[in-house]
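**Q** This is what each chain is made of:
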Amino acid sequence: MARDLSLHPDRLFPADKDVRAIARRLYQEVAHLPIISPHGHTDPEWFATDAPFANATELLIKPDHYVFRMLYSLGVSLQGLGIDGKNGPNTTDPRAAWRLFAEHYYAFRGTPTRIWLDWVFAEVFGLKVRLDGETADQYYDVISEALATDAFRPRAMFERFNIELLATTESPLDPLKHHDKIHSSGWKGRVITAFRPDPVVDPEFEGFRDNLGTLAEMTGCDTSSFAGYLDALRDRRAYFAKRGATSTDHGHPTARTADLSGAESAALFAKVSSGAFSADEAELFRAQMLTEMAKMSLDDGLVMQIHPGSFRNHNAWLFENYGRDKGADIPMATDYVHGLRPLLSRVGNEAKLAIIVFTLDETVYARELAPLAGHYPALKLGPAWWFHDSPEGMRRFRHQMTETAGFYNTVGFNDDTRAFFSIPARHDVARRIDCGFLAELVAEHRMEEWEAAELAADLTYNLAKRAYKL
Amino acid sequence: MARDLSLHPDRLFPADKDVRAIARRLYQEVAHLPIISPHGHTDPEWFATDAPFANATELLIKPDHYVFRMLYSLGVSLQGLGIDGKNGPNTTDPRAAWRLFAEHYYAFRGTPTRIWLDWVFAEVFGLKVRLDGETADQYYDVISEALATDAFRPRAMFERFNIELLATTESPLDPLKHHDKIHSSGWKGRVITAFRPDPVVDPEFEGFRDNLGTLAEMTGCDTSSFAGYLDALRDRRAYFAKRGATSTDHGHPTARTADLSGAESAALFAKVSSGAFSADEAELFRAQMLTEMAKMSLDDGLVMQIHPGSFRNHNAWLFENYGRDKGADIPMATDYVHGLRPLLSRVGNEAKLAIIVFTLDETVYARELAPLAGHYPALKLGPAWWFHDSPEGMRRFRHQMTETAGFYNTVGFNDDTRAFFSIPARHDVARRIDCGFLAELVAEHRMEEWEAAELAADLTYNLAKRAYKL
Amino acid sequence: MARDLSLHPDRLFPADKDVRAIARRLYQEVAHLPIISPHGHTDPEWFATDAPFANATELLIKPDHYVFRMLYSLGVSLQGLGIDGKNGPNTTDPRAAWRLFAEHYYAFRGTPTRIWLDWVFAEVFGLKVRLDGETADQYYDVISEALATDAFRPRAMFERFNIELLATTESPLDPLKHHDKIHSSGWKGRVITAFRPDPVVDPEFEGFRDNLGTLAEMTGCDTSSFAGYLDALRDRRAYFAKRGATSTDHGHPTARTADLSGAESAALFAKVSSGAFSADEAELFRAQMLTEMAKMSLDDGLVMQIHPGSFRNHNAWLFENYGRDKGADIPMATDYVHGLRPLLSRVGNEAKLAIIVFTLDETVYARELAPLAGHYPALKLGPAWWFHDSPEGMRRFRHQMTETAGFYNTVGFNDDTRAFFSIPARHDVARRIDCGFLAELVAEHRMEEWEAAELAADLTYNLAKRAYKL
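Residue numbers (our numbering), protein chains in the order written: chain B, 1 to 470; chain E, 1 to 470; chain P, 1 to 470.
Do not rely on the hints blindly, as some may be mistaken.
Heads up, the list lumps identical chains together, so a pair's fine if it works in one copy or across two of them.
[Said to hold, decoys possible] Computed list of lysine to aspartate or glutamate pairs in EDC-like fashion (alpha-carbon distance at most 20 Å, straight line):
no., residue 1, residue 2
1, Lys17, Glu448
2, Lys62, Asp132
3, Lys17, Glu449
4, Lys17, Glu444
5, Lys352, Asp132
6, Lys128, Glu448
It should be emphasised that the hints constitute simulated quantities derived from the structure, not laboratory data.
Model the full structure from these sequences, guided by the hints.
**A** If you want it as structure tokens, here you go:
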């Protein structure tokens, strides 16, 4: 017997009646504000071609490593879920994959994935029963049929979702053809790129040396010298900025930065670009490049985002057989106090610079990041990220950051997702949790309700727009 | 004037009226489920001989380092509390020790010890006034008189406590005579052992070399070679399994694992078994042995428990004069991401393997353990442990683990105790806290109440039974 | 249009109606207890001369790095706020500085600074509108005029604030003239000093070698030998104790301690006092000096406070231009388990010794400090400190410390402030948060209300008095 699915209007608000009433009032004022999504990983091709999504599995399972990592952890095979491996595309029947997912959907109880997906099921597809083994086929049919209609194509959904701006993330080696196509298409949707140079600044990135060659070709700069290499990066940053980019993004394993002399940097670049270098040298080069990128941001005005602390591809077997981004990246303890100091000594006192720092290590919220951001003019705090982009994670972020950094050293919400249809759900969770947090402050008389209302709008909309220069 | 003692039926439920009502309904369905205790340290001799406990001090103070560590921290001498030292048994009058404890009982306000003991006083012994200096003698008399009756003998209490299964923990060198006696006695109570090889896999364990000799004698294997040593361990694992053991337990200082070649392992074994080895070599040997044990688990099906992160015997003077397990073990920061990687690279993708990991370092809940367990098929999360086996500790566990690992990568509750009479109190605390947590999710509309009810039963009973293969 | 300012009588109590009612009852019993301030940084000259404070900026902005660090982080210049640099006093008009502060006051929403300042505005100065750009001048006038009257002089405020005892902190090189003047003045206010030897025990402190020379002059001891140096410290400790000091205070970068032999210590002292030493040697010397100080405390009875874990002067440019204590000290991860062990091995079992440990690294609350303090007789837990001296910070402290350490290994509240007028506000926040925490325990039936009432008085008054031997 199928169980009812419905989204309660008070979901995610604190349980206490008085606090909930305040949260409800605050939420009312921000629920319908447009979505600003300044950091994410949707595929610009979707908006360039506006082709329909194929089916439920293609839309909701295959691009979402939150979904298949959990199922894999419980013994479900990636093969059965239709995940493509390195030896070619998966030939599992997408309906069979969907059924497997549906039978294990109970395992997402208590997770944000469950919240996001239920929103997509109920709000986007109008489903009124819960997903389980019995309702799997019904779901598959309803979703796949809807996707075949014009109303569910990428651009239509973008508009329906009330997205004011969406940023994707591209490598400096990307020619940005999809973005060009979007911009020249006459469609009003604002989709911009962000500059993510990992493939050309991380000596341990797959194909680093070849990438330097490509970078030379694309820019006409001589990337065999450090000066030419920096010029090439400046050139690509300008290319991205011309196409609307307002930010860069840096996904390093640690928060280490360096401030070497020009000669030291050049010598180090010679080493890493030769291919003969140690792990320490690679780390030092990445560290130096963060400072180089910050210096370029001072010049060209691009907002800098630093995302450190993930042990990428922890599962060697999985990486070998299925590749990157398969749910096997694991957070690590991260030291920002010593790590960021060289960069901050160089540019931290520049009020016109904006460096947004993220973390996967929540222990640094109150100990390191809030004190740093509550002091250095150049530093701002990115929102709760990745594993912590969840009701409890966002609450910990606010509870642990606010007292030392305040609200005005934060930058609003990032959905950071590949799962396009979940974007409104994710923003809605953030708005509800923020309103709930503010409501607690009001209920404890630590703030007036009119202040909370101002803050709710700032956290939802204004701070992101200002911080990312949109 | 004595103060009333009574256990409130709503204790430990969230204060909010609506949430509490939900918690109460959920708890009603699990309160009377039998106790599964798959990990603990009660003495099997109690159930083998069924001899009565001597008196209140013998039952409640002397085996409980939670009790005397707190009193010691406030300046109370271990001598006065009747704790046996290394120079022979303590001759303090047990009633005098009890009085000293009673006078300081106020110091346990806010601790789980207070919750557990009040349960024992009220529920087991029917006491109706609070323990303090004035009521010390009344308590001592009531408890000691009760203990002399048949109804308070170990087997009777086991039955009264509704224990379906209790696991103890023994060294591979233990001949398991008490367990044999229990099993051959005709008594229906199910008491099983667990295989805890620290004395024969940790080169720094007291008497390690002698232990290898004993191991050779017990098994007939040649423990002077690595191959023979592994055979001996396999032999003892099989011996334990035949007597009902379904799990092993590993109490290492760190979470480090290794995956050395056979030749490297053999050479390392030769070193550590010679007695001439460095601290680093001892650590590497323990690291390798975790992987060896995991490989054996793949073969023999024993569930593997890893309990790292305790600095044992931190107080040198105390260790010298009173020995182990006197409340001077202190948790340390523990790195699981790098530590477990060699083991996980070897066996982490095996869905039929069950490795249950515990921690004393709560900072890894959301940062490391939930992401690891939410990805690797072989990994499961042990419950909040030791210092964190408490209302606040359990709440932090659920709040920080659930969103990334879900509930179905956890394994129910462990009481992990030497304090036999407190077992039902500890399980009751876990049930109440879990129901309260689930009630919060229901109240915030993050889950339906029927799902919470299913989960309450799973967390209380089903998950432990399944995870430990009982 | 100006907004109303008023302090709600229920501020900072939990929102739940039933819990709040309990908190209110508990608070009622402690709200009017006198203030014990055993650790802080007010200037004894204020009480020695009893000179009026000059104006609002001088009183509330310039000595308060919580205030200007936040404004600086948002791009406001220290110059504009009137902060004195190293090249001479700032000549900004204090009223202009105040306006700048007022225009940015919204940025303190959600911070403890906002709570403390609103209390000062409303309670001390009777202001009834909120501070913002429009009300800046009104505020400046009201405050500056009040400060010119006798009722707002330091001694009058001390009495109005109901301060029973206030400790300041001085270097061993301080002749304590202000304290002598206070004591000989006939004024009844009890202002004592505390012995803070950083300038003469930290080889990396500015002027360390000169300081040793001054120490020799002041004491007549030969500080060129280790024995003479220790004698000089003993002499100054006795000098401080004679003037009422009951405690010492140690602000080291880490929690590292050492227990070297006499010969090793002497050799190390020879090195560091020669000026030619490595960073490691400086760290080892500081480590050894903590143990030396603990041994002296055993003899002279001074309570020892250890405040580790701050990366001082993280912002090199700021330090060069504005000096110490300008809001650029950043907390670091701190290891107490290994760090304190040498000291604890030496004196940790001494019940008559009192070592109060603080931390800026909240991850050690439940993992390290509560287990250590819940075992070692000599160890007590200082309250939530510095960045964590805030509603959320105090709640985390109680939630994470209490279950393992209990309440009776804690020592009450420290305001630790330079901001004299905020002292009652800070104590009031602590009392409210503690009563709220106790109320939650009562509401969850983890404690009786009569016990919570006893504890509220202990946490507010008795524990501080006892722990600091006042």
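**Q** Indicate, hint by hint, whether the structure satisfies it.
**A** Hint-by-hint comparison with the structure:
1. Lys17 to Glu448: both (18 Å within a copy, 19 Å between copies)
2. Lys62 to Asp132: Within one copy only: 18 Å inside a chain, 52 Å across chains, cut-off 20 Å.
3. Lys17 to Glu449: Result: close both inside a copy and across copies, 16 Å intra and 19 Å inter.
4. Lys17 to Glu444: Both, since 14 Å and 11 Å are each at most 20 Å.
5. Lys352 to Asp132: neither (52 Å within a copy, 24 Å between copies)
6. Lys128 to Glu448: Answer is between: at 14 Å across copies they meet the 20 Å cutoff, but 39 Å inside does not.
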